[in-house]
Amino acid sequence: MKDLLTRDGHLSDLSLERILGGEIPPDVADGHLADCPECQRRLAALRAHQATYLSPPLRLPRPQPRGPWLIPAIVAAAAVVFYLSLGQQPLSEINEGGLVPSYPEDTYRIKGGLNVEFFVKRGSSVQKLKDGDVVHPGDRLGFRTATVSDGHLMIVGVDGQREPYLCFPQQNGGRSSPVQSNRSMVTLDEAVVFDDVLGREDIVAIFCENGFQFTELRDALKAGARPSSALMKVGCRQRAIHLLKRRLEP
Amino acid sequence: MSIFNILPFRRRPAFDFDTLYRTHAGMVARRVSRFVRRDEVEEVVQEVFLKAFERRASFRGDASPVTWLYHIATNHCLNRMRDTKRRRQSFALNRDLPWLSPTTKATVQEQVLLEQLWRTLSESQAIIATYYFVDGLTHAEIARLMGVSRRTIGNRIDELTARMRMGMEETR
Numbered sequence: 001m002k003d004l005l006t007r008d009g010h011l012s013d014l015s016l017e018r019i020l021g022g023e024i025p026p027d028v029a030d031g032h033l034a035d036c037p038e039c040q041r042r043l044a045a046l047r048a049h050q051a052t053y054l055s056p057p058l059r060l061p062r063p064q065p066r067g068p069w070l071i072p073a074i075v076a077a078a079a080v081v082f083y084l085s086l087g088q089q090p091l092s093e094i095n096e097g098g099l100v101p102s103y104p105e106d107t108y109r110i111k112g113g114l115n116v117e118f119f120v121k122r123g124s125s126v127q128k129l130k131d132g133d134v135v136h137p138g139d140r141l142g143f144r145t146a147t148v149s150d151g152h153l154m155i156v157g158v159d160g161q162r163e164p165y166l167c168f169p170q171q172n173g174g175r176s177s178p179v180q181s182n183r184s185m186v187t188l189d190e191a192v193v194f195d196d197v198l199g200r201e202d203i204v205a206i207f208c209e210n211g212f213q214f215t216e217l218r219d220a221l222k223a224g225a226r227p228s229s230a231l232m233k234v235g236c237r238q239r240a241i242h243l244l245k246r247r248l249e250p
Numbered sequence: 251m252s253i254f255n256i257l258p259f260r261r262r263p264a265f266d267f268d269t270l271y272r273t274h275a276g277m278v279a280r281r282v283s284r285f286v287r288r289d290e291v292e293e294v295v296q297e298v299f300l301k302a303f304e305r306r307a308s309f310r311g312d313a314s315p316v317t318w319l320y321h322i323a324t325n326h327c328l329n330r331m332r333d334t335k336r337r338r339q340s341f342a343l344n345r346d347l348p349w350l351s352p353t354t355k356a357t358v359q360e361q362v363l364l365e366q367l368w369r370t371l372s373e374s375q376a377i378i379a380t381y382y383f384v385d386g387l388t389h390a391e392i393a394r395l396m397g398v399s400r401r402t403i404g405n406r407i408d409e410l411t412a413r414m415r416m417g418m419e420e421t422r
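First to last, the protein sequences are chains R and C. In terms of my numbering, the first sequence opens at residue 1 and continues consecutively. In terms of my numbering, the second sequence opens at residue 251 and continues consecutively.
Warning: the hint list may mix true and false statements.
[What the hints assert, rightly or not] Have a look at the derived ranges for each label pair, beta carbon to beta carbon:
{"#": "1", "chain 1": "C", "residue 1": "Val398", "chain 2": "R", "residue 2": "Pro25", "range": "21 to 29 Å"}
{"#": "2", "chain 1": "R", "residue 1": "Pro37", "chain 2": "C", "residue 2": "Arg288", "range": "23 to 31 Å"}
{"#": "3", "chain 1": "R", "residue 1": "Arg200", "chain 2": "C", "residue 2": "Glu373", "range": "52 to 60 Å"}
It is worth saying that the hints were derived from the structure and are not from the lab. Where is the CB? At the ideal position from N, CA and C, for every residue including glycine.
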């Protein structure tokens with residue numbers, strides 16, 4: 001127990017983290033914690049942070065291919081030919097429909113102009129969403145984004161009655177929000193709460209070089225068109241996720 | 251008896267890095283946030299886990315993951331702040347961050363001297379100074395974190411204390 005305390009006689013930050021991490025049996029520090037309001041307060045603060053902390057996807061170096069160098073070279077050449085054969089179609093168009101990759105790919109940062117994570121807060125738990133996940137009325141939907149260049153961002157939803165609605169930005173009069181290049185994921189400070197319209201729920205993040213209006217997208221979204229094609233603008237990227245909204249079983 | 255009977259084969263437990271990250275990213279973020287600006291925390295957490303991934307062979311299966319990551323995070327943050335390009339400005343830039351707010355009752359004079367000393371300390375001296383004067387850790391805990399003997403830590407802290415004492419006398 002003595003080693004867990006600082007020279008001032010309080011539990012060190014490291015000791016508190018080890019208690020929180022379950023590495024120190026609770027009874028070892030219980031005696032001190034019971035008598036020390038300061039350490040109780042610090043431990044409660046750590047617990048509160050831990051409960052709400054949302055870890056961003058981990059980016060690790062991809063494993064280096066093994067074997068003769070010729071095989072990866074051929075694969076790379078084939079990929080280039082395939083990409084060119086698509087007539088330089090934007091990457092987001094190729095990927096549309098499932099742009100939030102499922103595990104394990106989502107542990108790596110996607111290359112491209114826009115990277116988005118969608119997450120849902122239900123009660124005190126926060127969960128990252130992937131394509132096909134089930135959500136419920138009352139769930140809070142949040143976003144984290146990263147962009148490699150300056151531009152304009154908007155996130156829209158289409159509910160089960162194919163009614164488009166604006167998720168972000170909600171305070172900009174229906175106009176996209178200018179964002180600065182930031183390679184680190186940033187949590188947007190606006191979230192939406194799901195209403196009780198059940199069924200398929202599509203959430204689409206659109207990032208363009210120039211600003212645009214929600215009204216430019218609404219009719220196209222209602223008709224089931226791709227938002228980026230509706231905008232008729234160059235330099236747009238989009239990331240979409242398709243969810244299923246069901247009533248929460250009692 | 252052949253040599254194969256004498257040397258038992260022990261399989262090294264698989265290193266589940268994904269679970270390690272999910273479990274301890276919050277702790278690393280809290281540690282890192284003492285040293286870097288809020289908008290840099292996520293990036294530095296990634297850097298710390300990248301460092302941990304590179305050093306995963308050094309992690310003993312029976313060791314404490316919290317202690318291991320805490321040390322990597324502290325070391326990485328101090329090195330980051332001591333980056334040669336920013337070395338001269340880093341102290342001024344990071345002055346308002348809580349990294350030098352001791353959890354112990356260091357005197358104002360000690361704090362000022364530590365700030366002055368920090369710029370001239372070696373890598374290992376800086377990390378020991380941080381653990382001892384800022385985090386208030388005991389010799390035993392610092393020794394465990396750094397994987398050295400308590401005696402070594404005691405000697406290093408004596409040296410640091412002597413340097414601080416000399417600094418105090420010079421300022422009088």
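**OP:** Starting from the hint 52 to 60 Å, judge whether the C-beta atoms of arginine 200(R) and glutamate 373(C) obey it.
**Re:** Roughly 55 Å apart at Cβ, these two residues keep to the hinted range, so it holds.
Subject >> Cβ distance range 21 to 29 Å for valine 398(C) and proline 25(R), holds or violated >> reply: With Cβ atoms ~26 Å apart, the hint holds.
**OP:** Could you check the hint for me, namely that proline 37(R) and arginine 288(C) are 23 to 31 Å apart, CB to CB?
**Re:** holds (28 Å)
Checked against the numbered hints above, the structure breaks none of them.
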